[in-house]
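Engineer: Each chain, written out:
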Amino acid sequence: MSQYEVTFAGFGGQGIMTAGQLLAYTGMNAGKQVAWIPSYGPEMRGGTAYCTVVVSDERIGSPIINRPQGICVFNRPSLDKFGPRVKPGGLLIINSSLVDATSDRDDIQVLEIPANDIAQKAGSGKATNMVVLGAFVGATGIVEFDKLKETLTEKMGRKKDLLQINYKALDEGYELGRKAKEEKVKG
Amino acid sequence: MAKILMKGNEAIGEAAVRAGGLHYFAYPITPQSEVGEYLVKRLPEVGGVFVQAESEVAVGNMLFGAAASGKRVFTTSSSPGISLMQEAISYIAGAHLPAVFINIVRGGPGLGGILPAQSDYFQATKGGGHGDYRLLVLAPSTVQEAVDLVMLAFDLAHKYLNPVMVLGDGMIGQMMEAVEFPESIKETDDPMTMDWPATGCEGRDPRIIKSLYLDPQALEKNSFALADKYKKMKEEEVRYELYKVKDDCQVLLISYGTMARICQTVIDEMEEEGVSVGLLRPITLFPFPENEIREQAWKENIRAVLSVEMSTGQMVEDVDKAVQGRKPVEFYGRTGGIVPSPEEVKDYILKILGKK
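As given, the protein sequences belong to chains A and B, one line each in that order.
Counting along the first sequence from 1, when you hit position 83 you're at 83 in our numbering, and nothing is skipped either side.
Counting along the second sequence from 1, when you hit position 154 you're at 1154 in our numbering, and nothing is skipped either side.
Same shape as in the complex, but just chain A:
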């Protein structure tokens, strides 16, 4: 990998920005070049939110990424807006708890994950973003999973009870992502 770009997209409040930041922090801790670019503009509470993370071995050029290799959509409007933009050969993760549709593209890998349901079972629906992030890291291996958990501990170390829920959410997501990757390799 020389450079990987991923967009997280959903409603404001779904932890989109946090998921992206955690990935960027992890990349930085692993010695990579990283950039985290938020959507910013006239936004409203409850409106759409998205951010793009670039993880690279080299100096990062354009921070504007129109066709990222990976896109994680947390809600239906994000699927409609971003689904078509995944780079051919890339990965689309759909939060199937809230999105009742899928992508008909056959030139990308599509992974549907009931992230809200998994997060609920792990202890809090608020950890939905961690389920998706875990699945993304499992399916792509962009950063080491252990490094991701280390970074989460570093960022949330003081909130012990929440940390356990987030660990669990990450683990569950990671397993689904890893399995999908293995299946893809097997073809």
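The hints are simulated quantities; they were obtained by calculation from the structure and are not laboratory data.
Computed from a predicted model, the values in this text were never measured in an experiment.
Check before you lean on any hint, since a few could be wrong.
[As the list claims (entries may be wrong)] Straight-line Cα separation of at most 30 Å, DSSO-like style, residue types lysine-lysine; simulated pairs:
#	chain 1	residue 1	chain 2	residue 2
1	B	Lys1351	B	Lys1299
2	A	Lys160	B	Lys1041
3	B	Lys1355	A	Lys87
4	A	Lys121	A	Lys155
5	B	Lys1041	A	Lys155
6	B	Lys1003	A	Lys149
7	B	Lys1355	B	Lys1321
[What the hints assert, rightly or not] What follows is a set of in silico ranges between Cβ atoms, one per label pair, in the way DEER data are often shown:
#	chain 1	residue 1	chain 2	residue 2	range
8	B	Pro1109	A	Glu183	53 to 59 Å
9	A	Thr102	B	Glu1045	37 to 43 Å
10	A	Asp57	B	Leu1219	54 to 60 Å
11	A	Arg67	B	Arg1239	29 to 35 Å
Beta carbons are placed, not taken as given, at the ideal position from N, Cα and C, and that holds for glycine.
For this one, chain A is given, so just place chain B on it according to the hints.
Structural biologist: Okay, now just chain B, sitting in the frame of chain A:
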């Protein structure tokens, strides 16, 4: 110090603190309000002060007064706010005072929009205020460079006793990247040891800090003294970076700030497709790397020079002047908050080369 991940606006605030800029006057405006949010907590920790003024007009005049004390003073704002400060900027320059203005540019004119733009190039480099003055203008293209240039801005403002502007854009302000700071806050010179600030005139003659000279001889003398400083800046402060400028380059791109990063991607992608393009990225917009652009542009292999900007064409006038008509100077730009994609810049380059 280890690298930390920081939003451009917050990193700019911390950079100012590390440079000893402990006197901050500002009025909030998107897309740079996070600088104030950061500094309102940070400055009291280090004995600094943040005054939120009632308007940008007041900010400019507070800076004028504070700068006269010899301390390191600064403000951050965005385009419409910087416009309101122009009168004070002219006075500060006329009075030979050091102050740092950080402009996180948004689309204009008027209230415009809140998305990134480079449409304040003329205002920054040619003087938005009245009179024979210039700002030294620094243009970062990454969050780390924003940190480095903000710190440099204070040193240069005090070296030349002239206002210095850091010209960023909304993208630099909003983006998060890994940054490194110096370990500690810079020890700055004590104004009591300087020969110009207003420090109380006990035991010495009063110093007069002003920009009003009713005697034309005296006003001309002051203006030529300013001109001498700008000449020295041209000799000593030109900064730029070359990216993949090689002997087989057909097109030389000139681009700064966020736009230059997009050009970097364009160059990398075109290299893979077998088209050699190079970039000269001005880091100082004034003084402008005029001689350096001419030297590169005049090379035999260069077929055209292309100024790529997030404006309808401003820096291109300086590029044109540098190239002196020896090579075609082209322009490509988007504005109003639209950042050109690598694809559209690539298409334009191919068009210049007659390949599309």
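Engineer: None of the hints should be skipped; say for each whether it holds.
Structural biologist: So, going through the hints one by one against the coordinates:
The suggested pairing of B:Lys1351 with B:Lys1299 holds, with an alpha-carbon distance near 21 Å, which does not exceed 30 Å. A C-alpha spacing of about 27 Å is found between A:Lys160 and B:Lys1041, which places the hinted pair at or below 30 Å, so the restraint holds. Using a Cα cut-off of 30 Å, the hinted pair B:Lys1355 and A:Lys87 holds, with the two alpha carbons roughly 25 Å apart. At roughly 23 Å between alpha-carbon atoms, A:Lys121 and A:Lys155 fall within 30 Å of each other, so this suggested pair holds.
Distance check on the hinted pair: B:Lys1041 and A:Lys155 sit about 20 Å apart at the alpha-carbon level, within 30 Å; holds. At most 30 Å may separate the alpha-carbon atoms for a hinted pair to count; B:Lys1003 and A:Lys149 meet this at roughly 19 Å. Of the pairs offered as hints, the one joining B:Lys1355 and B:Lys1321 holds, with about 27 Å between alpha carbons and a cut-off of 30 Å not exceeded. As the Cβ distance of B:Pro1109 to A:Glu183 is approximately 55 Å, the hint placing it in 53 to 59 Å holds.
The given range of 37 to 43 Å is broken by A:Thr102 and B:Glu1045, whose C-beta atoms sit roughly 51 Å from each other. Taken as a hint, the range 54 to 60 Å holds for the pair A:Asp57 and B:Leu1219, whose Cβ atoms sit roughly 57 Å apart. Remark: the range hint 29 to 35 Å for A:Arg67 to B:Arg1239 is upheld by a beta-carbon distance near 34 Å.
Hint compliance for this structure: hint 9 is the single one not met.
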